[in-house]
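First to last, the protein sequences are chains Z, W, L and D.
Position 374, counted from 1, in the first sequence is what full-length UniProt numbering calls 374; the numbers after and before it change by one each time, with no gaps.
Position 120, counted from 1, in the second sequence is what full-length UniProt numbering calls 120; the numbers after and before it change by one each time, with no gaps.
Position 269, counted from 1, in the third sequence is what full-length UniProt numbering calls 269; the numbers after and before it change by one each time, with no gaps.
Position 298, counted from 1, in the fourth sequence is what full-length UniProt numbering calls 298; the numbers after and before it change by one each time, with no gaps.
Mixed in with the good hints there might be a few duds.
Same chains, same names: a pair is fine if it fits in one copy or spans any two.
With a Cα cut of at most 20 Å, we get these calculated EDC-like pairs of lysine to aspartate or glutamate [claimed, not checked]:
hint, residue 1, residue 2
1, K52, E81
2, K350, D388
3, K129, D399
4, K422, E199
5, K384, E342
6, K69, D373
7, K173, E63
8, K350, E394
9, K408, E65
10, K384, D373
11, K122, E335
12, K135, E63
13, K336, E387
14, K422, D194
15, K69, D194
16, K69, E372
17, K168, E203
None of these hints come from the bench; they were simulated from the model.
It should be emphasised that the depicted structure is a prediction, and the values quoted were computed from it without experimental measurement.
Number of protein chains: 4
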Amino acid sequence: MIPRYSRPDMVAIWSPETKFRIWYEIEAHACDAMADLGVIPRENAEAVWKAKDVEFDVARIDEIEAVTKHDVIAFLTHLAEHVGSEEARFVHQGMTSSDVLDTCLNVQLVRAADILLTGVDKLLAALKKRAYENKDTVRVGRSHGIHAEPTTMGLTFARFYAEMDRNKNRLEKARWEIATGAISGAVGTFANIDPAVEEHVCEKLGLRPEPISTQVIPRDRHAMFFATLGVIASSIENIAIEIRHMQRTEVLEGAEFFSMGQKGSSAMPHKKNPVLTENLTGLARLVRMAVIPAMENVALWHERDISHSSVERGIGPDATITLDFALHRLAGVVEKMLIFPENMLANMNKFPGLVMSQRVLLALTQAGVSREDAYAMVQRNALKVWEDRVDFREMLLADDDVVKALGKDAINEKFDMGYHTKHVDTIFRRVFGD
Amino acid sequence: MIPRYSRPDMVAIWSPETKFRIWYEIEAHACDAMADLGVIPRENAEAVWKAKDVEFDVARIDEIEAVTKHDVIAFLTHLAEHVGSEEARFVHQGMTSSDVLDTCLNVQLVRAADILLTGVDKLLAALKKRAYENKDTVRVGRSHGIHAEPTTMGLTFARFYAEMDRNKNRLEKARWEIATGAISGAVGTFANIDPAVEEHVCEKLGLRPEPISTQVIPRDRHAMFFATLGVIASSIENIAIEIRHMQRTEVLEGAEFFSMGQKGSSAMPHKKNPVLTENLTGLARLVRMAVIPAMENVALWHERDISHSSVERGIGPDATITLDFALHRLAGVVEKMLIFPENMLANMNKFPGLVMSQRVLLALTQAGVSREDAYAMVQRNALKVWEDRVDFREMLLADDDVVKALGKDAINEKFDMGYHTKHVDTIFRRVFGD
Amino acid sequence: MIPRYSRPDMVAIWSPETKFRIWYEIEAHACDAMADLGVIPRENAEAVWKAKDVEFDVARIDEIEAVTKHDVIAFLTHLAEHVGSEEARFVHQGMTSSDVLDTCLNVQLVRAADILLTGVDKLLAALKKRAYENKDTVRVGRSHGIHAEPTTMGLTFARFYAEMDRNKNRLEKARWEIATGAISGAVGTFANIDPAVEEHVCEKLGLRPEPISTQVIPRDRHAMFFATLGVIASSIENIAIEIRHMQRTEVLEGAEFFSMGQKGSSAMPHKKNPVLTENLTGLARLVRMAVIPAMENVALWHERDISHSSVERGIGPDATITLDFALHRLAGVVEKMLIFPENMLANMNKFPGLVMSQRVLLALTQAGVSREDAYAMVQRNALKVWEDRVDFREMLLADDDVVKALGKDAINEKFDMGYHTKHVDTIFRRVFGD
Amino acid sequence: MIPRYSRPDMVAIWSPETKFRIWYEIEAHACDAMADLGVIPRENAEAVWKAKDVEFDVARIDEIEAVTKHDVIAFLTHLAEHVGSEEARFVHQGMTSSDVLDTCLNVQLVRAADILLTGVDKLLAALKKRAYENKDTVRVGRSHGIHAEPTTMGLTFARFYAEMDRNKNRLEKARWEIATGAISGAVGTFANIDPAVEEHVCEKLGLRPEPISTQVIPRDRHAMFFATLGVIASSIENIAIEIRHMQRTEVLEGAEFFSMGQKGSSAMPHKKNPVLTENLTGLARLVRMAVIPAMENVALWHERDISHSSVERGIGPDATITLDFALHRLAGVVEKMLIFPENMLANMNKFPGLVMSQRVLLALTQAGVSREDAYAMVQRNALKVWEDRVDFREMLLADDDVVKALGKDAINEKFDMGYHTKHVDTIFRRVFGD
């Protein structure tokens with residue numbers, strides 16, 4: 001976790017305090033269920049709830065762990081200090097450490113997913129707003145970094161919206177995948193604990209019982225979760241790179257909001273650098289790097305080995321905290337970014353009229369010119385524009401073959417911008433509904 | 001693609017013949033839709049279907065491409081050789097190459113997903129069969145590679161079934177994700193082609209129209225697809241490693257089927273090596289390596305750059321062909337693998353009775369012994385078994401503290417195997433339904 | 001291996017013919033060494049060389065393998081068909097298959113490295129040539145995609161040269177790392193074969209004996225090899241992205257060579273797309289994806305498992321063939337790329353004079369203005385240039401505070417381009433020597 | 001950084017205090033060099049050294065950064081608070097932030113490499129000690145997890161030594177690669193600062209001047225550095241997995257040292273789990289995940305973008321701290337691990353005598369039996385041992401064909417263990433020298 005790339009809400013999920021609180025709830029609910037089953041005395045179950053409002057003392061637990069070398073035992077020992085060791089004697093009965101650890105981890109991941117979903121929603125709202133604001137702002141579309149045909153700035157935001165909306169759906173699925181708990185004992189057979197305990201604890205914590213676990217919850221669920229975060233991060237990179245391109249000096253069709261108090265560089269005052277989106281590009285790499293280790297974690301030996309644990313201590317907090325931060329940073333960038341429509345027009349006309357070449361080509365074909373001839377006619381005029389920056393329309397009007405094939409009026413008509421934007425509303429309806 | 005790790009059905013999806021056939025269908029359906037719209041003459045649309053039963057000549061197309069340096073133009077030129085260049089003149093009108101390429105790729109990925117789903121089903125059937133066959137075959141459960149408590153071989157197969165069933169669900173989702181097509185022109189604005197063409201082509205090909213595309217279909221869809229393949233591969237590795245462990249000389253609780261004609265090693269006739277599952281371990285790595293490049297493909301410049309294309313020429317065939325092969329190889333291994341129940345019992349009794357220590361510990365606690373004292377009582381006897389391979393039950397019966405706490409009958413009762421298998425049917429119901 | 005991204009020389013290294021040829025040489029040299037030791041009769045060793053000029057029949061070997069299910073035995077059986085089964089009876093004596101397979105793989109990787117080094121040299125030559133040609137061609141340097149200060153096009157090529165020269169050094173090291181062979185028997189103890197055989201075979205094949213092997217050569221060597229290819233691929237991406245940026249319509253400071261016969265797009269004749277460098281960006285991802293699997297291959301079980309083998313069947317050819325192709329493609333692009341110096345100047349002057357702001361800032365500081373005040377003076381004038389595209393020098397000359405601090409002559413002097421290029425020769429000397 | 005997987009020495013390298021100290025030294029040495037050149041007054045350079053023994057106030061610098069939004073400016077402002085703003089006015093003159101940041105990062109990575117080398121040395125010493133202790137301890141070698149031929153425990157340690165010694169060499173190379181600094185200004189042209197400053201600062205900090213930099217030091221160096229860490233981590237995984245296999249209940253040929261106070265599991269007192277080596281398996285994944293992002297960092301836009309920075313803020317500390325911890329943890333495990341030679345013998349004789357089958361096969365061939373017949377003779381006896389656990393030697397002595405071919409004395413001689421260990425000293429000499 002890199003403090004400067006973190007938000008407190010997500011950091012809190014991974015604090016020892018939160019972890020011990022969840023452990024406590026798992027143990028307390030398990031005691032209730034065991035009392036319901038008549039396996040332990042009701043009063044012992046109730047006694048555990050005495051610690052309901054306790055803030056567990058992390059330093060004290062660490063101190064105990066230094067002796068016992070076992071985190072769950074350290075916690076249980078500390079819990080007994082609050083509840084009374086006689087009263088606490090049935091806590092954790094028939095359970096194995098992983099029942100607590102794994103169920104807790106999934107609670108944390110579910111909560112992390114909920115926070116991430118909030119971030120996605122914030123980003124979606126920003127993208128939608130900017131899409132509608134710029135729905136009809138004409139901008140040249142580029143393939144290979146080369147001018148192609150006109151499009152609009154709104155369509156760019158709309159496609160990022162659609163992509164992020166798919167990510168929302170993926171994240172909901174990933175949240176659902178990870179929302180399971182297991183209280184099934186040392187090798188998952190429920191030998192020492194009734195399945196009813198698992199059902200009760202899961203219900204209380206908003207989880208589904210894992211249909212079949214070993215000592216641990218199967219790690220394919222986690223692999224899918226982190227893979228989904230990796231896809232979302234890649235979409236963030238996608239948006240970030242678009243903005244970085246927009247802001248480069250020669251393009252300057254948009255920019256991250258510039259606050260005058262900020263010194264963009266220690267030496268060059270005129271530089272307004274897209275540092276937030278560059279940063280997001282790097283953060284995407286950081287999130288994505290969790291994917292392969294999460295997949296390597298799937299193949300545990302027999303009923304479990306603990307190799308996954310250190311990995312998850314790293315990527316659990318790191319990937320969720322970084323992605324959360326990135327979503328909010330990007331939402332902020334999108335909300336406030338500067339848009340320069342006049343530069344869009346100026347760029348489009350760098351090679352005057354050339355973006356209409358495809359339409360002219362099509363018109364020539366439709367007018368009965370063979371594909372090869374049409375291609376040649378367009379190409380010879382396009383190259384003049386490319387080399388001398390003359391106006392493409394003028395060139396065509398001066399080309400006898402083209403005039404003969406299309407007529408002057410039709411040539412002029414090909415340079416109507418409305419031709420290119422006529423389906424923008426249709427696309428917006430597809431993306432945003434009515 | 002590694003020929004020895006491939007199956008013809010999946011290979012066929014990625015052949016040039018299949019690709020050109022799909023291209024043809026896209027172009028022909030697009031012509032129909034344009035004729036419906038009155039944009040091109042009906043007879044030209046109909047003429048394209050003259051090539052319906054043609055097997056396109058890949059060598060000829062390559063020859064044309066060598067001149068034109070453009071694959072779609074080469075194909076269209078060849079198509080005109082079949083249809084007649086006059087009749088074919090409206091083919092591809094208003095479309096861009098990517099309309100054809102990307103829609104085709106998604107058709108291929110959908111078909112690949114269908115084949116993969118068949119493989120998953122085959123594996124699921126094998127796992128289910130072996131699970132029921134071995135439902136009550138007692139085997140020691142192991143955490144950290146160390147004996148823990150008894151479980152059954154059937155539960156091992158059942159958990160692999162549950163995991164692979166989740167993968168089936170994920171793959172269905174990934175298939176759905178990728179089942180879109182786009183016929184939206186050079187920058188996705190439909191400037192030169194009506195959205196109705198896209199709708200018609202997609203419907204005919206079993207796809208949904210991509211709500212908003214640029215020149216290309218957005219690559220987050222593909223990233224999710226390949227990430228899903230990576231998760232499935234990781235589950236294959238999980239199963240493979242379990243089998244490899246079972247087969248190692250000291251364990252020998254199961255083995256890949258051994259055909260006597262096979263020489264397991266050029267030098268050691270007695271070796272029956274788990275080479276198929278070792279191979280699957282490697283294949284999992286090969287599939288998984290597609291994940292990060294697929295994610296790196298998401299951030300294309302503006303309305304597209306072509307960096308994704310070479311990546312997809314590699315990972316498209318490679319990841320699907322390898323995973324398909326792996327699923328079938330694993331299904332075969334599971335179907336036919338040898339199970340050695342007697343070795344399972346022998347292994348479990350390597351340290352006689354010791355797997356019951358958890359249960360004894362619990363009984364002591366329930367009988368009122370403090371956790372610490374109970375732990376100490378179990379530990380001192382367990383260590384004797386560990387060191388001298390004496391019988392744990394005998395040790396307990398000779399330990400006055402234990403006998404005092406539990407009584408001899410209760411001690412004996414703790415070694416009943418039925419205690420550990422009593423919930424197997426419950427778990428099977430959870431996994432397989434009724 | 002993707003045929004269109006391959007060169008025959010590298011493909012040939014991975015052909016079955018080459019593999020069997022190397023196997024043959026290993027076996028024949030091993031027989032010589034065994035004859036030298038008196039372990040086998042000299043005439044049997046000599047008999048093996050009867051097959052010296054044989055082209056082994058791959059189809060026949062495959063046929064035998066279909067029965068024996070073992071590739072090395074199939075080869076030995078076929079070899080006996082040429083040499084005579086009586087004469088061939090000592091071939092492979094005391095060896096294990098991996099002695100042949102692993103030593104062969106390293107021979108292939110060494111040869112692959114040699115070809116890659118040739119490609120690196122070709123690229124280095126092209127970069128050096130273009131560096132000197134453009135040594136003094138002034139171009140604006142950019143950080144964050146934003147104009148910073150002047151540099152020269154030659155420095156850009158020079159830094160790519162320096163980077164690729166480091167890669168050459170790394171590749172030589174990787175070649176050295178992988179240049180080992182092992183003929184050490186089933187578990188690496190030389191129980192059945194004398195170390196002298198290994199020494200002899202390695203010497204003949206240009207390898208060093210692996211100091212300690214198991215059944216296999218340790219895979220950390222291969223991990224390092226493929227990691228090195230991944231770094232080289234990343235440098236290729238680095239150069240490719242620079243060229244892609246140069247070619248984008250708004251920048252147009254350079255371009256991939258454009259052959260007029262090539263149709264850059266099926267629809268837009270005026271587009272000259274940087275498709276080769278975009279392709280290289282993708283190829284870099286393909287090479288890089290070999291790195292993690294190669295690292296996962298290191299941890300083999302005990303004296304070997306065969307999980308690495310399928311991985312290497314994939315990444316061995318794929319990574320080397322793709323990187324080889326990429327090096328040659330990039331060398332070709334660099335050799336022939338178009339450079340547009342006049343566009344470089346035009347771009348630099350998009351915001352006239354602004355690239356000199358750093359120098360002015362420094363001058364103000366040196367003249368005794370506090371850092372904060374100097375920053376403010378430069379910033380207020382820079383922003384006018386940014387917004388109104390007026391000339392920075394004019395603005396400064398009209399700013400009383402600046403004139404007061406520096407004087408008019410000094411202000412004018414700050415716009416001398418030679419100030420920025422004065423150390424170019426120094427840097428060239430550092431990079432290229434004298 | 002995960003606190004529980006960290007050692008203070010390495011953590012200290014990445015503290016803000018260390019960072020600011022290095023920044024300070026860079027600035028102070030740069031001032032000296034500028035004074036030597038006569039560019040700034042000597043007394044100003046000397047004044048900077050007034051802060052020589054200052055511990056910079058991180059909280060204060062953070063406070064300033066909150067206003068300036070720029071870390072280097074914040075530091076310089078704070079430095080001026082110590083030195084005096086008049087005296088400090090020439091600090092950082094002509095430099096750009098990256099001159100400080102990048103040179104500092106490389107100082108940190110060099111120091112990290114030094115600490116890692118110490119860890120490697122500690123591990124090497126432990127491996128060497130255990131290798132010699134167990135040089136002649138016979139153990140069965142295993143391929144595919146299946147018994148092959150005898151080897152010794154010492155050879156296992158010796159090969160890990162050789163592998164880790166290669167890693168030491170790689171790490172020294174990586175350290176050398178990263179030991180460069182750059183003080184070259186905004187785009188690397190030295191426009192505002194003389195190359196002599198760079199030379200002086202680098203010499204003082206133990207670095208070489210980067211031959212050609214842009215605003216930043218080229219990131220292929222860092223990619224190589226982290227790739228090297230990934231290879232080392234993979235070797236750690238390799239050793240860890242061997243130990244995990246040794247410790248599994250059925251094998252038990254070795255074990256992590258067991259301290260009686262440690263509770264291996266909250267429930268199962270007899271379990272001695274290889275949790276340290278399992279942990280190391282996970283830590284290896286964590287280190288390895290830095291490799292791809294480091295490679296993705298290479299392709300920066302033009303003279304730099306800042307996408308690499310957030311990645312390095314993560315992987316810089318994380319990968320070095322984790323690897324450092326892992327090296328020391330593994331060294332501790334190796335130093336103290338328990339070795340059970342008697343279990344090695346018991347395991348080897350699980351199928352009595354079968355490990356000698358390769359030798360018998362060879363003897364038969366040498367005695368003139370055809371390869372196929374010899375194979376069949378060995379196989380039929382081996383399978384009896386496999387199935388009925390009878391003694392292989394007895395079976396051979398009762399097989400007329402075998403006795404006829406070899407004679408009884410020769411058969412007996414094949415079961416001499418010395419045959420397998422005769423080259424152990426040779427191998428040790430290769431690995432450890434004399």
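Each hint tested on the structure:
Within a single copy, K52 and E81 get their C-alpha atoms as close as 13 Å, which meets the 20 Å cut-off; across copies the closest is 50 Å, which misses it. Proximity of K350 and D388 under a CA criterion of 20 Å is satisfied in both settings, with 11 Å inside one chain copy and 19 Å between copies. Neither within a single protomer nor between protomers do K129 and D399 lie at most 20 Å apart by alpha-carbon distance, with minima of 45 Å and 41 Å respectively. In the homo-oligomer, the alpha carbons of K422 and E199 lie at most 20 Å apart only across protomers (17 Å), although the nearest pairing inside one protomer, at 56 Å, exceeds that limit.
For the homomeric pair K384 and E342, the shortest alpha-carbon distance between copies (17 Å) is at most 20 Å, but the shortest distance inside one copy (25 Å) is not. Taking the shortest alpha-carbon separations for K69 and D373, only the inter-copy value of 18 Å comes in at or below 20 Å, while the best intra-copy value is 81 Å. In this homomeric assembly, K173 and E63 never come within 20 Å of each other (Cα to Cα): the closest approach is 40 Å inside a single copy and 42 Å across copies. Taking the shortest alpha-carbon separations for K350 and E394, only the intra-copy value of 15 Å comes in at or below 20 Å, while the best inter-copy value is 27 Å.
Neither within a single protomer nor between protomers do K408 and E65 lie at most 20 Å apart by alpha-carbon distance, with minima of 87 Å and 35 Å respectively. For the identical chains of this complex, K384 and D373 are intra-copy neighbours only, at 17 Å inside a copy versus 50 Å across copies, given an alpha-carbon limit of 20 Å. In this homomeric assembly, K122 and E335 come within 20 Å of each other (Cα to Cα) only inside a single copy, at 9 Å, whereas the closest approach across copies is 48 Å. In this assembly of identical chains, K135 and E63 lie within 20 Å of each other by CA distance neither inside one copy nor across copies; the values are 60 Å within and 42 Å between.
Within a single copy, K336 and E387 get their C-alpha atoms only as close as 38 Å, which misses the 20 Å cut-off; across copies the closest is 19 Å, which meets it. Within a single copy, K422 and D194 get their C-alpha atoms only as close as 64 Å, which misses the 20 Å cut-off; across copies the closest is 10 Å, which meets it. In this homomeric assembly, K69 and D194 never come within 20 Å of each other (Cα to Cα): the closest approach is 28 Å inside a single copy and 50 Å across copies. Proximity of K69 and E372 under a CA criterion of 20 Å is satisfied inter-copy only: 14 Å between copies versus 78 Å inside one chain copy.
In the homo-oligomer, the alpha carbons of K168 and E203 never lie at most 20 Å apart, since the shortest distance is 25 Å inside one protomer and 26 Å across protomers.
Checked against the numbered hints given earlier, the structure breaks hints 3, 7, 9, 12, 15, 17 and satisfies all the rest.
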